[in-house]
Amino acid sequence: MKKKNLLDSKVILEASRQALVMLNPLKLVRNPVMFVVEIGSVITTVITFYSLLHPDGEFLFTATVSIWLWLTIGFANFAEALAEIQGRAQAESLRATRADTQARLVVPEGVRTVPGNTLKKGDQFLVEAGEILPTDGEILEGVASIDESAITGESAPVIREAGGDRSGVTGGTRILAGSLRVGVTNNPGETFLDRMISLVEGATRQKTPNEIALTILLVGLTIIFLVVVASIPAFSSYEGVLSSPTVLIALLVCLIPTTIAGLLPAIGIAGIDRAFRANVIAKSGKAVEVAGDIDILLLDKTGTITFGNRQAVQLLPAKGISDEEMAFSSWLSSLSDDTPEGKSIVGLAASLLSSPVAPKGLRAIPFTPETRMSGVDGEDGEIRKGAEDAVRAYTGSSFPAGVSEIIAEIGSSGGTPLVVTRNKTVMGVIHLKDVIKPGLKERFERLRKMGVSTVMVTGDNPLTARAIAQEAGLDDFFAQAKPEDKMQLIKKEQEKGRLVAMTGDGTNDAPSLAQADVALAMNSGTQAAKEAGNMVDLDSDPTKIIEVVEIGKQLLMTRGALTTFSIANDVAKYFAILPAMFVVSYPQLGVLNVMKLATPVSAVTSAIIFNALIIPALIPLALKGIRYRPVGASALLRRNLLIYGLGGIAVPFVGIKLIDMILVLLHFT
Amino acid sequence: MIANDWIQILVSLGLIVLISPLVGRYLAWIYQSPHLSLEKGIYRLLGLDADREMGWKEYAAVLVVSNGFFFVAGYLVLWAQGVLPLNPRHLPPLSPEVAFNTAASFVTNTNWQAYAGEAQLSNLSQMLAITFLMFVGANTGLASLVAIIRGFVREGSATIGNFWSDFFRFFLRAFLPACALMALIHVEQGSPQTLSTSVTAKTIEGASQTLIVGPVASLESLKQLGTNGGGFYNANGAHPYENPTPLTNTLEFLEMGVFTFSLPFFFGRMIGRPRQGQVFFAVVFALYVAGLGLIEYSEKTPNPLLAPAAVTQKTSPLQDGGNMEGKETRFGITQTSLFSNTTIAATTGAVDGAMDSMNPLAVLVYLVHMFLNEEPGGKGVGFAGLLKEAILAIFLAGLMVGRTPEFLGKKIESREIKLAALSLLVTPILVLWLTGLSLLLPAGKSSIDNPGPHGFMEVLYAFASGNANNGSAMAGLNVSTPYYAIAIGLEMLFGRFLPLLPLLALAGSLARKKTLSENAGTFRTDTPLFVLLLLGFMVLFAALTFFPPLILGPILEHLSIVHNIAF
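In order, the protein sequence lines correspond to chains H and V.
Take the first sequence: its letter number 458 is residue 458 in my numbering, and every next letter is one higher.
Take the second sequence: its letter number 497 is residue 1497 in my numbering, and every next letter is one higher.
Because the hints were derived from the structure by calculation, they are not lab data.
If a hint is listed, it holds; no wrong ones were tucked in.
Covered stretches of chain H, as calculated for chain V (at least 3 residues, CB under 8 Å):
1. 281-295
2. 561-568
3. 638-646
The beta carbon of each residue, even a glycine, is placed where N, CA and C say it ideally should be.
Throw the hints in and build the complete structure from the sequences for me.
Here is the structure:
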């Protein structure tokens, strides 16, 4: 997906335009903190005009404060607009891929060509090589190779076929080979693409539970500071100091958490946007947020942890057989075996031999359920390979010494032994093994540090399962699992108070996907799975869930860090404004002016300018999110408290002082 | 400070640290064991079903309604004092507004006194209205904390316990026995305990003097143990009959501290995580000790304005140095610092010296203690307030570890934040606005006797004390006027129940929730880091809310003294 430059002048212009539109109080009331700022700005603006008409020497000061108050709201709106534009740009690039297509609708009298966007749920259409799928659907008949790069950005084509778990197709993708009859699964405007577009465009964006809780806290803080500031005139009038309404409003705006309130919508949008950039469509912002809370991740063995097939890793000759003889027999035994296992045996054996040449007149003996062996017949005799019991039945005699031990050893290590024979003589044993995808171990380690434990679900026996779980660095495994067991497992963990995430693609995964707290469905999966999950991965990569967890955590962390920063900022603002309010009447309070700000006017102005400027300064952080490090909660908290808590206290002291120095240079004192 | 001061401080604090965990453990036993047969008998007698579980709404309703009855009963006794027995001095009834103020004050565990005990109350009023309300006020506070703790302990539960069971257990198994025991010790040390009202003494000069006596010792132990604070005499703990010796001063200090400082440990035991209790104790104790340090420093500092008057402010074998104005010479500065810091921090409100005469930095500490009101705070409600602050701090900081914040396995979501924030709003509104209002209204301003920041502080202190249900007075402000009697009376009721009801609702909400399991990504709340976090949050939050009045009050007065400016 194309990334638009943040500093693109067009983007900035558009965001600024939107920021102005959002000044509409009816819209701004959604953000109570900024709404309070707007009321304050209106009041100071009125005062400004009043002092223009009745000169009292306050005009310049009030006007400056008013301008910066309006800018504060403008910057906050700008942040939200910028995040929305970013999302929309991505949506547009997606929408562009959906050129208006024609569809061949199946009707009782045959086939009729209709515009693609008129297809309704339950319709059936035909599509063949070179055509673009008009809408989402489920393959009813046929198999095809499909280019999904339009939605996933992945150029390698994928195979989709009727029945099974790879029957889902997405509108906007192109058929490269094959032809299909497809049943429409979504009405116009409700396809995944449509939903995704409306989501990232913010049309259906709702506040997430955590965002609501945080907003309540921010409103609570705002009310408290309103109470505080409203009490000041009474206090100061008793002590014989008159308080200027402009200064009071400036103080109020500085104290209420404008920074986080201004950036909160942008943080939320950016979170969904980050998931989107990872090619994951979250059906709601809540789904992304919950991903950060996951305790347990259920992973299917096959396809997720291991490559789909076993591979030969070792050729172990029987006693008295040389390595070359064993390798050659193994090579021959699998030459006509087209399965991935067979190919891996050929590959391994060939690497041990120097360019082996196949004898002429080989006759392939395919695998049958009866013999449960395969091999070749030729001038070297009968070459066979098969499972231990099948070969024992075939040779009719017991294995030579040592072979049974080798078989037992491979079995206990979680591998699969295949016995190779030539003319009913055992040559040796091939060690087939599940191969774990590279890099997984590190990712699981990362998850463990985040507090997420990983559980592998497999139909294998416990021995094999344990070996794989150990090798992949998983925390636990669930062996000999039937699909319905997964559901039980999820429920059991949830009863213990854990939040469970899983990935799935099959129809039989759908109930578990619906039960899990975070369910990432594969885009290649069935419609049922995609409906049941709360996220869909366009790349159909089961390990993507790890990234989703990180995105969720990052979202929450960014919110927490900027809130802490925003509140910690208040200390310096108090030290700027309060002495300025009282120092004229009580010079002894001058010692509280720790920043040595030049004059009361410059002090209040510096604080309000800092308060406004900090919003755009933090926009990049809000959109990018603060970095998540899997170092454990305590270390993470210590680090973030140092940076955003103590930093939040220190930074404004420096910032306000610098602005004050600039104001002095400009003679605005 | 001399070695003597250090010994006094270390011994006193050491006793708190030693005794509190034991008392906490005992209190946990009280609430984790079956009814005693004595209790069953009382429930039968009163027709109470102490086994029936209550939801938070019912619990809160029973709490408020029963306290309403207590309040009315107390008011009637004070109002009818003139016609009731045990009034040989024929004291007239209290004025309606002062009776209202007093009933509100004692039912809320505040013990703000708009009256002078020895001059205005009969022995029956002292025993029936004052003593009775002192008991129920403290019991209600502790019961509410137990209910709130159940919110953390229970899972998927619609109920948070039975109010009467919580009420009577503490009363019968801890409060009453402790009061009885300590009353005997107070008698032994010289406090009167009699139903007669006065004795006549011959002074050294040969003149005769009438001394008011009464059931002082029993009231004294209850006043301190229940963190009530309302004295028999107007001079409170500075009166030799209430607090005759340095030993009773230390005992009274311990009486105030023992139940309140044990509550963190009690909490830890109740939730089955003693370490969590220790962590909360550390937070509370750190703020308490910091306050003590500043008070001691402040009071040991001579007042520069007195230097030209050639007043000796140096420590000598015969005299404590520093600010001795308003202090009892038999206690000296350190005993007064210990007593006053504890009385304010534990919201007792009893005093053994004149608060109005303290240096401004000490007053600053008192004010901050009352604003926070949680270190350790009043009986039960103080610690409940600390849990509320913890929830808010955890919500903010918890987000920074990248998980929906949770505390003791309970997810903190919008409902919890709403209720905690609601509870948090009460203090700023009551304290700041009532202070502001009093500074604007003639009825409020006419009671102020001192000019400048000192007068301002007196008003601020009065409302901080009323809201915190503290009850100590800085004095120097005439609070017996109808305006202050009614304003502070209402404030004490609001300050008691308005923050408490959301916390009971919060407990109800937490009790319903599932308890989540913890993992490496969970933010742990039983670590030194959490102590620092909670301390930082509490101090920052109190500072942000109360910075303006603190600047215009104690800070301005302090800087004025430093710059030799008088008002």
